[in-house]
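One line per chain: the protein sequences are L and A, in this order. When you line the first sequence up against our numbering, it's residues 1 to 243, in that order. When you line the second sequence up against our numbering, it's residues 1 to 316, in that order.
These are calculated hints, taken from the structure and not from any lab test. It should be emphasised that the depicted structure is a prediction, and the values quoted were computed from it without experimental measurement.
So, partial list: chain L residues that the calculated Cβ filter (under 8 Å) puts toward chain A:
(1) Ala72
(2) Cys76
(3) Arg82
(4) Lys88
(5) Ile89
(6) Asn92
(7) Gly102
(8) Ser113
(9) Ser156
Built from N, CA and C at the ideal position, the CB exists for glycine as well.
Below, each chain spelled out in residue letters.
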Amino acid sequence: MHLLEGQGVTRQFGGLTAVSDVDFYVDQGEIVGLIGPNGAGKTTLFNLISAALKPKPGKIFYKERDITPLPAYKICRMGIARTFQTVKIFPNVPVLRNVMVGSLFGTGRRISSAEAQSKAEEALEFVELSSVKDLPAGDLTLAQQKRLELARALASDPELLLLDELMAGLTPTEVTEAMEAITQIRSRGVTVVMIEHVMQAIMKISDRIIVLDYGKKIAEGTPAEMAANPQVIEVYLGEECDA
Amino acid sequence: MKRTSPLSSRNISLALLGIVFVLLAILPQLTEAYIVVLLSDILKFIVLTVAWVIFAGPTGYISLASAAFYGVGLYTAAILNADMPFPLVVILAGVFCFIVALGVGALTLRLKGVYFTIFTFGLVQLLYYAVAEVERIATGKRGRFVSTENTETVYYAMFILTVLVLVTAVLIRRSRHGLALRSIGEYEQAAEHSGVNVIWTKVLVFAGSSVFMGMAGAIVATRRAYIDPGIAFDLNVTFMPVLMAILGGMTNLIGPVIGAAVFAYLGEFLLTRLPDLYMLVFGAVMVLAILFFPQGLWGLLAQGWSKLRGGRRAPA
Numbered sequence: 001m002h003l004l005e006g007q008g009v010t011r012q013f014g015g016l017t018a019v020s021d022v023d024f025y026v027d028q029g030e031i032v033g034l035i036g037p038n039g040a041g042k043t044t045l046f047n048l049i050s051a052a053l054k055p056k057p058g059k060i061f062y063k064e065r066d067i068t069p070l071p072a073y074k075i076c077r078m079g080i081a082r083t084f085q086t087v088k089i090f091p092n093v094p095v096l097r098n099v100m101v102g103s104l105f106g107t108g109r110r111i112s113s114a115e116a117q118s119k120a121e122e123a124l125e126f127v128e129l130s131s132v133k134d135l136p137a138g139d140l141t142l143a144q145q146k147r148l149e150l151a152r153a154l155a156s157d158p159e160l161l162l163l164d165e166l167m168a169g170l171t172p173t174e175v176t177e178a179m180e181a182i183t184q185i186r187s188r189g190v191t192v193v194m195i196e197h198v199m200q201a202i203m204k205i206s207d208r209i210i211v212l213d214y215g216k217k218i219a220e221g222t223p224a225e226m227a228a229n230p231q232v233i234e235v236y237l238g239e240e241c242d243a
Numbered sequence: 001m002k003r004t005s006p007l008s009s010r011n012i013s014l015a016l017l018g019i020v021f022v023l024l025a026i027l028p029q030l031t032e033a034y035i036v037v038l039l040s041d042i043l044k045f046i047v048l049t050v051a052w053v054i055f056a057g058p059t060g061y062i063s064l065a066s067a068a069f070y071g072v073g074l075y076t077a078a079i080l081n082a083d084m085p086f087p088l089v090v091i092l093a094g095v096f097c098f099i100v101a102l103g104v105g106a107l108t109l110r111l112k113g114v115y116f117t118i119f120t121f122g123l124v125q126l127l128y129y130a131v132a133e134v135e136r137i138a139t140g141k142r143g144r145f146v147s148t149e150n151t152e153t154v155y156y157a158m159f160i161l162t163v164l165v166l167v168t169a170v171l172i173r174r175s176r177h178g179l180a181l182r183s184i185g186e187y188e189q190a191a192e193h194s195g196v197n198v199i200w201t202k203v204l205v206f207a208g209s210s211v212f213m214g215m216a217g218a219i220v221a222t223r224r225a226y227i228d229p230g231i232a233f234d235l236n237v238t239f240m241p242v243l244m245a246i247l248g249g250m251t252n253l254i255g256p257v258i259g260a261a262v263f264a265y266l267g268e269f270l271l272t273r274l275p276d277l278y279m280l281v282f283g284a285v286m287v288l289a290i291l292f293f294p295q296g297l298w299g300l301l302a303q304g305w306s307k308l309r310g311g312r313r314a315p316a
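Model the full structure from these sequences, guided by the hints.
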């Protein structure tokens, strides 16, 4: 049984097919890398999984249950948390309260305020933001805001975590730290799907990589297989690029 | 850790608030009827403004439907007050408003920004014409007489309602629903993906806040003796609370209360002393206030206070 499975997932915007008939799966405990050139449909696929958008047509299953018709907040409560490519935080709300939104509402069970707060504090500890927990989130640097989003997602007790370009714009040291963090998250039993352009990172920590191009899945396999796949090389090196 | 000196601005505000409430509670015994009527009117605006702020403050959704709920309250009292005890009529007005607001909210709160605002504005007009037409067909008359209550009863009813709306506002702000509303106002999509049921939260709080508007309408009706659709669905009732909240300052609950009190009194003062220039002066004061005190009256007071105390509390 796959943890997450998509069948024929498709989504069009006007005349543009952003995601086209994609079949995919994610197994429990994996780190799956989702790569492809800009505009390949990676973020759209995340939006379809997290129900920001609905596939037309196509179905998405989580633990063998069809979650296609569910609203976004229920997807989160079922255990699928996400971060955003462009950070979406609550800028005028203190950092701790930002994370508490995840722990109060995202876990799918009734939780006391005290428990929600300790969960949020734990998540902030993990992303090393404890020292700024009383600041308004808008005062943080962009790198800190990305960690804040990660903490908010973790505070909702996810089993599957969707990370959309968590490492974009980070320094090499920060990239190494982020890789460390993702490996730790997996070791706690959380499955991770990550969109990333930082190649050395995704090649190093992914168990499996899915490659999208123009909305279609063009290849899938281990990092070593993908590095040797002529089609993937062509897409990334831009040979005979007609765009 | 925060210091809690007995002179902290929080304790001072609480003490002032206590004194104000005690004064308001014993006031009808001490003063003439005009003051009681004037205060009932000011309390009415406080109820309408705070009820509006409960929803609009954290979410940033500007509702212009206040007059619709207020009007439903007025008509509830006009139809029922002759045959039922007054408190029951007020409660029923709240129940009817809750039901109407649930329906309206479920329809409109999927709309964002200006679309929501325009729809709520349209609701007032819709009810105005619908009620006028129903009355024309059913009774053949434009208005209705309302079985009245005495000045003191109206005052105390409004006073109790004021306390209730303030307590509700404070409880919501401190509860998890307060955080949910805040997160919706800050970034609705992020709130939804963090597990907040944004539609239900918005609809429920919108409907809950409308209860107070309807109750205020029912209480006011029993003082007016006569109502018609023009009085019930008066757009001033929609716009005044919005202006009062903005002018008072919306960062906390004291701002809207001060805004409502000051501008309700100012309106009354101008209307009695300068009836010809009333709207002109009122408008000028509002423009100046928005230009020069963007944080509202409360922001101004808080700034003055922090200067007095040597600037230890930097204004946020």
